[in-house]
Amino acid sequence: NAGVTQTPKFQVLKTGQSMTLQCAQDMNHEYMSWYRQDPGMGLRLIHYSVGAGITDQGEVPNGYNVSRSTTEDFPLRLLSAAPSQTSVYFCASSYSRPGGRATDTQYFGPGTRLTVL
Amino acid sequence: DAKTTQPPSMDCAEGRAANLPCNHSTISGNEYVYWYRQIHSQGPQYIIHGLKNNETNEMASLIITEDRKSSTLILPHATLRDTAVYYCIVRVTGTYKYIFGTGTRLKVLA
Numbered sequence: 001n002a003g004v005t006q007t008p009k010f011q012v013l014k015t016g017q018s019m020t021l022q023c024a025q026d027m028n029h030e031y032m033s034w035y036r037q038d039p040g041m042g043l044r045l046i047h048y049s050v051g052a053g054i055t056d057q058g059e060v061p062n063g064y065n066v067s068r069s070t071t072e073d074f075p076l077r078l079l080s081a082a083p084s085q086t087s088v089y090f091c092a093s094s095y096s097r098p099g100g101r102a103t104d105t106q107y108f109g110p111g112t113r114l115t116v117l
Numbered sequence: 001d002a003k004t005t006q007p008p009s010m011d012c013a014e015g016r017a018a019n020l021p022c023n024h025s026t027i028s029g030n031e032y033v034y035w036y037r038q039i040h041s042q043g044p045q046y047i048i049h050g051l052k053n054n055e056t057n058e059m060a061s062l063i064i065t066e067d068r069k070s071s072t073l074i075l076p077h078a079t080l081r082d083t084a085v086y087y088c089i090v091r092v093t094g095t096y097k098y099i100f101g102t103g104t105r106l107k108v109l110a
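These protein sequence lines are chains C and Y, in that order.
Numbering-wise (our numbering), the first sequence opens with residue 1 and increments by one.
Numbering-wise (our numbering), the second sequence opens with residue 1 and increments by one.
No lab work stands behind these hints, which were simulated from the structure alone.
The beta carbon of each residue, even a glycine, is placed where N, CA and C say it ideally should be.
Treat the hints loosely; a few may be bogus.
Covered stretches of chain Y (in silico footprint by chain C; criterion: 3 or more residues with CB under 8 Å from a CB of chain C, positions within the stretch not fixed) [unchecked claim]: (1) 32 to 44; (2) 94 to 108.
Residues on chain C that point at chain Y, a partial pick, calculated with CB under 10 Å [stated by the list, open to error]: (3) Gly-40; (4) Glu-59; (5) Tyr-64; (6) Asp-73; (7) Gln-85; (8) Val-88; (9) Tyr-95; (10) Asp-104.
So, partial list: chain C residues that the calculated Cβ filter (under 7 Å) puts toward chain Y [claimed, not checked]: (11) Phe-10; (12) Leu-43; (13) Val-50; (14) Arg-97; (15) Pro-98.
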């Protein structure tokens with residue numbers, strides 16, 4: 001298993017550009033989520049999905065869109081990049097949705113480092 | 001919202017036990033407590049989780065108080081490679097969200 005993969009590893013955008021961060025997992029996990037991590041800060045939840053076709057907002061959803069057309073993929077779209085979106089983005093997945101069970105353990109990808117000029 | 005509180009930083013001598021505390025006073029009765037760590041800027045790595053009883057695995061031990069309002073992660077023999085930010089997280093009650101705080105930055109000293 002490759003686990004959770006993210007592409008690209010690094011990206012530089014200009015203000016106003018759009019792009020899609022890719023996330024894929026090959027573990028048949030039901031739950032997937034996107035976090036951002038700003039320098040010196042903890043992780044903040046952007047969006048999450050509890051299964052194909054079902055997504056919801058996290059703590060900081062503004063400026064981002066997600067979709068979940070397949071179990072494996074959960075892309076994050078930046079609609080019009082802003083310097084405030086400069087961050088490291090992590091995708092995570094778990095076998096089951098958060099519900100107080102042992103199978104909620106999340107597996108994280110290596111991250112995408114995004115700079116918006 | 002379920003919330004965890006951790007000290008921002010701790011030091012530990014190499015070879016000694018590192019005890020990292022976490023308060024989760026609003027935790028619900030059936031919610032697990034999870035611990036992750038993040039080394040440098042890598043993706044967070046799962047360490048251990050527990051519900052009521054103390055747990056141990058090859059990486060660490062987890063002690064949960066009887067009232068479940070706090071827990072302690074124990075790294076029994078800390079090494080320099082254990083230097084990382086350690087996060088204690090619980091599910092936000094009634095949602096499918098896990099909220100990470102800012103964690104504890106553990107520095108293991110030679």
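Hints and how they fare:
1. 32 to 44: holds (count 7)
2. 94 to 108: holds (count 9)
3. Gly-40: The hint holds - Gly-40 (chain C) has a Cβ within 10 Å of chain Y, the shortest such distance being about 8 Å.
4. Glu-59: 7 Å, holds
5. Tyr-64: 15 Å, violated
6. Asp-73: 18 Å, violated
7. Gln-85: 17 Å, violated
8. Val-88: With a closest approach of 6 Å, the Val-88 (chain C) hint holds.
9. Tyr-95: Hint on Tyr-95 (chain C): violated, closest Cβ of chain Y at ~12 Å, above 10 Å.
10. Asp-104: Since chain Y brings a Cβ to about 7 Å from Asp-104 (chain C), closer than 10 Å, the hint holds.
11. Phe-10: Given a least distance of 12 Å, the restraint on Phe-10 (chain C) is violated.
12. Leu-43: Since the shortest Cβ distance to chain Y is 4 Å, the answer is holds.
13. Val-50: With a closest approach of 5 Å, the Val-50 (chain C) hint holds.
14. Arg-97: Status holds, d = 5 Å.
15. Pro-98: 4 Å, holds
Comparing the model with each numbered hint stated earlier shows that hints 5, 6, 7, 9, 11 do not hold.
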